[in-house]
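Using the sequences and the hints given, assemble the complete structure.
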Amino acid sequence: MKRSVRASMSDAQKFSLVRREAMYTGLALVGLIVFWLVAGFGTAGVDAKIFHVPLWAVLGTVGVWLVAIVISFVLSRVLFRDIDLGGDDDGR
Amino acid sequence: MAGNLRSMILLLPLIFFMAVMVAISFYVRHKQAGKNFVSSYFVGNRELGGFVLAMTTVATYSSVSSFVGGPGMAYQVGFGWIYMAVVQVTAIFLVLGIFGKRVALLARKLNAVTVVDIIRARFQSDFLAAVAAFVIVLFFCGTMTAQFVGGAKLFAAVTDYSYEAGLILFGLTVVIYTSIGGFRAVALTDTCCAIMMMVGIVLLLHYVLRAGGGYENIMTTLETNNPELFEPFSFGNMPWTIYFTQWLLVGICTIALPQSVVRGISYKNTAGLHQAMLIGTVVVGFMNIGINFTGILAHGVLTGSAADYGGVDNIIPTTIVMAMPIELVGLAIIGPLAASISTISGLLIVASSAIVKDVYLHYAQKNNRVVTPARVKALSMATTAIIGAAVFVIALTPPSLIWLINMFAFGGLETAFFWTLLLGLFWRRANRLGALLSMAGGTIVYCATQASGFKIFDLHQITIGIAVSLILFLVGSFIGKRTNDATLKIFFPHD
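The listed protein sequences correspond, in order, to chains A and B.
Under the numbering used here, the first sequence has 53 at position 53, and the numbering climbs by one with no breaks.
Under the numbering used here, the second sequence has 1174 at position 174, and the numbering climbs by one with no breaks.
Hints in this document: simulated from the structure, not taken from any laboratory.
Quick caveat: nothing in here was measured; it's all calculated off a predicted structure.
Wrong hints could be hidden among the right ones.
Said to hold, decoys possible - Covered by chain B, according to a simulated footprint, are these stretches of chain A (three or more residues, beta-carbon under 8 Å):
#1 14–23
#2 32–42
#3 46–55
#4 59–67
#5 71–83
Cβ coordinates follow ideal geometry from the N, Cα and C atoms, glycine included.
What follows is the structure, encoded as structure tokens:
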């Protein structure tokens, strides 16, 4: 996990990085929507319960929340990079 | 005498909490003395750390309806409602992940302190900025009124005091602390509010389980008596259209809410942003699942249908009164009231900035009029107080269908800002005409369909608003004049 503050990055590099990170976030959203569909509606026909709660409800609520936490972790700790927000290094 | 004692026990925690909120605002005002007033008052000098950023974003996003109407619906509909509400776990990582850094970089380059500043710079249009400021003030007033009314109704239902007394207690408090302390105070008080919301959920859940004879007992009874609660469509009470529109209304489109996006201008560094994405997702999920699950478990305390208690909005207040010991009721209602005041304060400061910074100061600067720092300070605080007071007065005679007004305002803001911000900040081809048509045209169509009740496939009108807004944006962008190179170089230096 390489997350150093990149003060030496040019403005163009920073904006390019930020666009890439936004794209990762968008893809993560798509993944979460798919998981939400499969975990909830996809398992609604399964006759199983966990602590009296139907499997679809457990996976579709707590499951979705946990996946969202994992997504946030991966985005913020693995895919996203620290940058200097100063914006004075672009030679404007 | 006994009644007076009960009232005092109920009121004391609330008064203490509100006093702490006001004290924080005075402390912040004192600490910010001598710094650039506009930047400190409207974005807290870009000094927010990760934890406070997460909490203020969550608290502003979570309104009183999340704590009252939502769990009341969960009581009626069951697990399908939580399944629908859990889409809100996307809200924090989406807005911070997509806009957080881009807005922060641009704000520093442009010396922007509001979302409208960035829109003005991107599309080089004072008219568009004025429309954006108008839309913000208009829809924010609607949302704030709903928060005032929701909070005061809850207060009146749980305590022996009147609706007006509740409005004065927490309504005036929020106006005072926001006016005095500005954004920094809003962020810090939001953090306190978010913590109190979580404490309130845990307390209520504990006492609901106890009053209902334990988890096992409540769930076994529900399985026998209310099988509809365990079915995703709740035997027809939860149509697919609700799932679909909620993904738009309280999930995906919330990334463009100005009150959320402005938080991207306010944080100190990207380490804080990354931390906030994680903390915010944990907290928003805990709140959503926790309070709505408590709504279902309230069947262990209440035996009738929601209608027997006067509708879904009365489920949580009635449960609080019936399940909790009197000495903790005051503490328990701080949670929902905190949700209410944190949303109001977040909206109030952005609405104030729209008038003072985006309209008044901009035109003063344009006409070479000198505005002294003392005048800016007095104007900013007065504007915040006046907007708050105006909404307070409207809430004194609450309009009917208040929750519909809340959702109407939410959809209106999303229609106006979603494509303007998303395409404006990530698509070079986006131009002034596209943004103008999208914001003005989309909002007008959205309001017209809301007013006429027109729907397609019984979907909420946000679907029409967002679709029309997109079409108009694309049409305008392809037929309108391209944005000049100097502006594009600022917004897209990498292309």
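So, going through the hints one by one against the coordinates:
| no. | hint | result |
| --- | --- | --- |
| 1 | 14–23 | holds (count 7) |
| 2 | 32–42 | holds (count 5) |
| 3 | 46–55 | holds (count 4) |
| 4 | 59–67 | holds (count 5) |
| 5 | 71–83 | holds (count 10) |
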